[in-house]
Amino acid sequence: MEDFEFLRNVTVGQYLPVDSIVHRMDPRTKLTIMLLMVIAITFNTSYTANVILLVVSFAFVIISNVPVSYILSGIKPAIPLIVVLALMQLLFYGDQYVPTGMVSVTLFKWGWIHITNGSVQLVVVSTLRFLQLMFLASLLTNTSTTAELTHGMEDMLRPFSKIGVPGHELSLVFTIALRFVPILAEQLEIVMKSQASRGADLGSRSKLQFVKTARLVTVLVVPLFIDALRRAEDLILAMEARCYVGGKKRSHMVQLHFNRTDLIAIGSVLIFTVIMVVFQNSFPL
Amino acid sequence: MSDQPPVIQVNDLHHTFLRGTPFEVQALKGATLEIKKGDAVGIIGRTGAGKSTIVQHFNGLIRSRERGKVIVLGHDMADPNLDVRAIRQRVGLVFQYPEAQLFERLVGDDVAFGPFKMGLSIDKVRERVRWAMNMVGLPFETFKDRFTFSLSGGEMRKAAIAGVLALRPEVLVLDESTSGVDPRGRKELLAYIRRLHEEEGLTIIFISTNMEDLAALVNHIYVVADGRTVMYGETGEVFSKPDELHRYDLGTPQITEVMYQLKRRGLPVNDRCISVEQAEEEVWKILNS
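First to last, the protein sequences are chains A and B. In this text, residue positions in the first sequence follow our numbering: the first is 54, and each later residue adds one. In this text, residue positions in the second sequence follow our numbering: the first is 20, and each later residue adds one.
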């Protein structure tokens, strides 16, 4: 009945202050590993490869000391979306998708519903991929503070500044965006509670009445936007008051250290990714 | 007052936020309150003591599944078949910075949101909006067609309170709703709340950190510390125990503190004075005797 507790569902972006080898890693390492894993995930479409990738992503969760239940609770709100997507893919893809090296086999056909081995694989693989990406994305933010992540990102973007990529500004935008997620969630909770207190149908177990809920959007969005804009204005003033100028070779509180653990971690994930990409078509199924 | 039936009964209430996550916070660890019909009750306590969590149980914004019982206007709030919306109409809750809830372009429309949602006829909605706006000192004819976001901070605050009043609640809960307004605005708001209590017979529950405001408005005070209700009594009685209040990081109205110190220095004054007028009478009496 705690219909207004949002922070509970937002696990992506929430730093968890526990100690583990993953927490102590250099953020640049974690970002690189994330990138490599995303490459491996995008290249592989077979069942076997995706199961392997899921196991590896899950292994990262285990060594990071982040409670598995915590990561899973973040997936819960996304389940309806996954189900709808899966159903659409299952019903409407038909024989348009044929996995490489396979012959399209019709498993079920009734009227316009046409289910093939290809569409089944598509559904299973996209669900697995979704889980892998969800694990990795929340793990990245669960194990690194925003400051670490932005410094890591800024540092990694530095080589591109020669071709005009504003690395510092990008990482600043990224920091502010991440920082505002919990603030806006909290503000939304307050606004929802206030509107419910004066007669809006919120939090009275009408979760399946989408239309009714959609009509209430203005009641929430207008106050939330006004608050967000006001906060943005305050932030600008605070930055101006401290004479903030982007990227003027400022020093950092957080000093990044790249050590042997990081090297080994990147090395092993790199080898893993290369294997997964090179042998993508050799996996059975 | 004591023969009136209770409108809100809370017994040994427990509540934990973000239960089952690493950010779990036990906010209430046994709060017990009883609020009588037509009373004006203050709830005080330092930040994080659990005041807001308690009052959010009063209109079902939080319905704890943990230990404890909450009975509001005769309804057990744990009953899963309870019509919470009906309770929310009868127990109006105003938050801190309630102007954050405004969303309509015109003031009148914003105040009308609640009664309109109740499905009342246009005439009845208009009647309620007129009453609510007049009650908080925003004359209906002058303000109904003003742009909501062109109002001053104090006027926005009043409009937001009117939005809750338009539901015609029997109980009005104000969760630090008078803080952050300029002194004159606050005084005005307090006067309007007192009028709602005295003339319209509303039961008032008032959370505040301003002891002067409390002394001026409420008859009884509950002190909340660390998720528990630790003190209860008539306003003068609670404020006559400054040492105990200090233990919970709270104080008394300044005038009460002055009278208390005078008594400790041996002046035969009554240290239960909670307003400047009472203290003035006391001091005058002693000077003349």
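These are computed hints drawn from the structure, not numbers from a lab. All C-beta atoms in this analysis are idealised placements derived from N, C-alpha and C, irrespective of residue type, glycine included. Be careful, since some hints might not be right.
[To be verified] Calculated Cβ distances over 10 Å to all of chain B for the following chain A residues:
| no. | residue |
| --- | --- |
| 1 | M141 |
| 2 | N170 |
| 3 | V244 |
| 4 | A253 |
[What the hints assert, rightly or not] Listed next, the stretches of chain A that the computed footprint assigns to chain B, with coverage defined by at least 3 CB atoms under 8 Å from CB atoms of chain B:
| no. | stretch |
| --- | --- |
| 5 | 73 to 83 |
| 6 | 156 to 162 |
Status of each hint after checking the structure:
The Cβ of M141 (chain A) lies farther than 10 Å from every Cβ of chain B, with a closest approach of about 32 Å, so its non-interface assignment holds. Distance check on N170 (chain A): its Cβ is at least 40 Å (rounded) from any Cβ of chain B, clearing the 10 Å threshold; non-interface status holds. A beta-carbon of chain B is positioned within 10 Å of the beta-carbon of V244 (chain A); the least distance is around 6 Å. For A253 (chain A), the requirement that its beta carbon stay farther than 10 Å from each beta carbon of chain B is not met, with the minimum near 6 Å.
Check on the stretch 73 to 83 of chain A: 0 of its residues sit with their Cβ under 8 Å from a Cβ of chain B, so the three-residue criterion for coverage is violated. For the stretch 156 to 162 of chain A, the stated coverage by chain B is not satisfied: 0 residues place a CB nearer than 8 Å to a CB of that chain, which falls below the threshold of 3.
Hint violations for this structure: numbers 3, 4, 5 and 6, all remaining hints satisfied.
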